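Construct the complete structure from the given sequences, taking the supplied hints into account.
Protein chains: 2
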Amino acid sequence: MTDPAAAYEELKAQGLKLDLTRGKPSSEQLDLAAPMLDLPGAGHHVSPKGTDTRNYGGGQGLPELREIFAPLVQVPVEQLIASNNSSLELMHDTLVHALLSPLPGAPTRWVDAGRVAFLAPVPGYDRHYGVCERLGIELLPVPMTESGPDMDEVERLVAGDPSIKGIWCVPKYSNPDGVVYSDETVRRLASMETAAPDFRIMWDNAYAVHHLTSDEIEIADVLALAAEAGNPDRPFVFGSTSKITLAGSGVAFLGASQANVDWWLALTSKRTIGPDKVNHLRHALFLRDAAGVRAHMAAHRELIAPKFAMVQRLLSDAFSDTEGVTWTEPKGGYFVSLVVPDGLASEVVRLAKEAGIALTPAGATHPYGKDPQDAVIRLAPTLPPLDEIERAMAGVVTCVQLALARR
Amino acid sequence: MTDPAAAYEELKAQGLKLDLTRGKPSSEQLDLAAPMLDLPGAGHHVSPKGTDTRNYGGGQGLPELREIFAPLVQVPVEQLIASNNSSLELMHDTLVHALLSPLPGAPTRWVDAGRVAFLAPVPGYDRHYGVCERLGIELLPVPMTESGPDMDEVERLVAGDPSIKGIWCVPKYSNPDGVVYSDETVRRLASMETAAPDFRIMWDNAYAVHHLTSDEIEIADVLALAAEAGNPDRPFVFGSTSKITLAGSGVAFLGASQANVDWWLALTSKRTIGPDKVNHLRHALFLRDAAGVRAHMAAHRELIAPKFAMVQRLLSDAFSDTEGVTWTEPKGGYFVSLVVPDGLASEVVRLAKEAGIALTPAGATHPYGKDPQDAVIRLAPTLPPLDEIERAMAGVVTCVQLALARR
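Protein chains in written order, with our numbering: chain A, 1 to 407; chain B, 408 to 814.
Think of the hints as simulated: they come from the structure by calculation, not from any bench.
Source: prediction; values computed, not measured.
Possibly wrong hints are sitting among the right ones.
Derived SDA-like pairs (lysine to any residue); straight-line CA-CA distance at most 25 Å [stated by the list, open to error]:
(1) K677(B) <-> G59(A)
(2) K270(A) <-> A520(B)
(3) K270(A) <-> E545(B)
(4) K677(B) <-> R22(A)
(5) K677(B) <-> Q665(B)
(6) K456(B) <-> D669(B)
What the simulated footprint calls covered on chain A by chain B, stretch by stretch (three residues with Cβ under 8 Å from a Cβ of chain B suffice, anywhere in the stretch; the number is not a length) [stated by the list, open to error]:
(7) 44–56
(8) 79–89
(9) 130–140
Ideal placement from N, C-alpha and C gives every residue a C-beta, glycine not left out.
Right, dumping it as structure tokens:
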């Protein structure tokens with residue numbers, strides 16, 4: 001093995017400018033949706049069911065598009081809303097609505113409830129935390145396991161504290177660990193006793209069809225399980241086509257019980273006269289049906305699976321025998337988590353930055369940007385070309401080796 | 408003159424099903440934007456300045472589109488935000504942000520301010536009222552004059568009450584009266600003393616380029632006047648292409664001081680990773696420049712001016728000598744206000760409904776749906792074809808005549 005310090009000096013001398021921070025699709029992935037840029041086509045603005053998609057109205061979104069996505073996000077079509085281009089804004093607005101108007105089953109609106117707290121399985125998605133921090137909702141970390149959040153801990157917390165009003169979940173190929181929630185985890189989330197009568201699961205199924213292997217994993221149906229357990233209003237399900245069609249010009253979805261959907265649509269009708277239905281029609285014409293979505297995702301997989309494989313190869317070559325260095329091997333989603341010995345993550349990120357390799361700030365996977373172990377590094381390999389992934393990951397390996405050597 | 412009761416019976420016997428309620432563009436108007444449905448075209452997703460419009464990012468919106476609209480909405484391009492498809496949602500979200508995070512210059516966020524009230528010039532736009540009602544913001548009506556809100560009354564109210572945090576304004580071709588704010592009104596709004604340090608003008612310039620005559624009226628620049636008066640953060644300017652391109656698939660704009668824009672973008676960055684920039688590019692390619700927008704609006708005018716002329720003709724023929732019946736003759740916008748003697752508006756709307764002619768509910772032009780005089784009826788002549796306008800207005804005339812006769 002080369003001397004780590006010498007290898008790091010060599011790395012710096014390369015003057016790299018590489019970026020592994022962004023969970024964005026690559027240009028080649030976006031090219032897969034190129035035909036959408038000609039759609040719906042002049043004169044083709046009326047949907048198959050007869051909606052003139054150009055005018056105002058249709059607050060729940062175009063039925064033809066909701067029918068395509070209902071089975072994929074496990075929501076009955078009549079309980080599914082298709083909106084504009086961002087599922088994050090649907091999550092944000094759901095919490096805004098809950099702060100300013102009582103949720104079904106809520107004793108008060110949340111701004112009048114005193115403390116409002118959410119459980120944040122860690123590591124998790126920094127933008128979920130950002131929404132809560134911006135809205136004054138406290139975040140309580142709970143540890144992730146290989147089958148989802150530590151449910152003993154979750155059940156203990158929500159049973160005892162009525163100010164805990166919700167939990168963030170990325171149930172399939174979680175950001176950043178690639179964890180898939182087990183059926184048992186979903187069942188416990190749907191049926192657990194909560195001290196808050198207005199407890200909600202923010203079910204961000206961002207990677208519902210974003211498989212990296214031929215093992216196309218299905219998860220349990222949280223809406224159905226919650227209804228069976230007598231908690232129909234508990235889940236809010238979110239999804240989007242941002243990583244299916246066009247990242248900035250996709251369609252976001254919200255699904256929930258009829259009571260939640262009625263509440264959400266009534267409040268949202270004060271905010272807008274309807275979503276961009278031409279974009280809904282554009283998506284419906286391009287994707288055609290659920291099978292069309294699956295076929296399109298297979299094309300994505302062909303483009304990005306080699307990038308994930310490259311990350312695995314370089315990490316395995318370097319660290320398969322190194323104690324304390326582990327990483328995830330996700331079967332879907334957009335991220336790999338690299339776990340280094342406690343206290344080293346921010347040092348690795350700093351070293352990489354100095355060598356021209358941007359990594360997501362250590363701590364970003366935890367509420368308030370603080371990873372108490374300082375151990376998790378999130379790697380996002382979809383955006384850069386394969387050769388850049390190779391050079392960036394070789395650099396990351398060098399940085400980890402130097403940090404280990406200096407310890 | 409025929410017996411009004413007999414004429415009304417004849418009207419009912421026609422079994423009409425007509426609608427003058429909706430401020431929506433007609434199919435023919437939407438057809439003017441048909442070429443947009445082919446845009447930007449496969450392979451043409453990079454903007455002139457080099458943005459790949461398909462991916463995430465660009466929270467302020469595509470510069471090429473902001474440059475086109477900056478002069479039209481009187482906002483410097485660097486202080487203009489281009490967003491998704493609804494200016495109503497920008498207004499709603501601005502108030503949500505102000506409720507949950509202190510505005511520049513605000514002592515507290517508004518949810519912690521106790522009472523929050525807005526001035527509502529009446530008659531006005533029901534959706535403005537709906538936003539406030541939904542958010543718990545009290546509405547205080549002030550009368551409109553021919554040059555804008557009664558400024559003596561406005562100045563008196565805002566000087567004396569720090570809980571009055573804002574005013575709704577549709578400064579050009581107002582909904583529903585077609586009033587254009589005089590330069591003096593704009594100057595007084597921009598410079599008046601307000602007890603609230605965080606007072607805001609919600610400047611909904613919805614009809615900035617929506618002229619019905621060759622007299623293309625310009626209004627004073629509220630942002631510039633407010634800055635000159637030492638109140639740079641007072642106005643929030645809104646506009647949209649909903650009644651320029653596609654009603655449900657347009658682009659909305661927000662303009663304000665740099666401090667307000669920074670505040671708005673920072674909060675909004677927690678909500679979304681950016682607006683639909685492909686739609687921004689689609690608009691920029693189709694409209695090309697401010698002159699292109701003006702030319703496009705001239706084509707709209709050709710389609711809708713005859714409908715407004717028909718309304719004028721039928722009202723003049725029937726009521727030019729009738730005391731107590733007046734109506735507006737707007738030079739732009741989407742509405743005509745018909746004013747009947749006190750106490751008759753809801754009766755006219757009821758009679759029309761019974762005869763199959765839907766009119767906007769009397770009172771909708773006032774906060775909480777209550778017009779204390781019960782005198783204003785809003786007519787929206789853009790959506791139906793000309794022959795339907797003629798039949799509907801002939802029916803309205805009959806209903807007014809019957810209501811007058813029965814008085």
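Quick rundown of the hints versus the structure:
1. Distance hint between K677(B) and G59(A) is fulfilled; the C-alpha atoms sit about 23 Å from each other, no more than 25 Å.
2. Restraint check for K270(A) and A520(B): satisfied, since their Cα atoms lie roughly 23 Å apart, inside the 25 Å limit.
3. Taken as a hint, the K270(A) and E545(B) pair is honoured in the structure, with Cα atoms around 15 Å apart against an allowance of 25 Å.
4. For the proposed pair K677(B) and R22(A), the alpha carbon gap of about 16 Å is at most 25 Å, so the pair holds.
5. Using a Cα cut-off of 25 Å, the hinted pair K677(B) and Q665(B) holds, with the two alpha carbons roughly 19 Å apart.
6. Taking the CA atoms of K456(B) and D669(B), the gap is near 23 Å; set against the 25 Å cutoff, the hint holds.
7. Under a criterion of three residues with beta carbons nearer than 8 Å to beta carbons of chain B, the stated coverage of the region 44–56 of chain A is upheld, 7 such residues being counted.
8. With 5 residues having a beta carbon nearer than 8 Å to a beta carbon of chain B, the region 79–89 of chain A meets the requirement of three or more and the stated coverage holds.
9. Here's how the region 130–140 of chain A fares: 6 of its residues keep a CB closer than 8 Å to some CB of chain B, so the rule of at least three is met and the hint holds.
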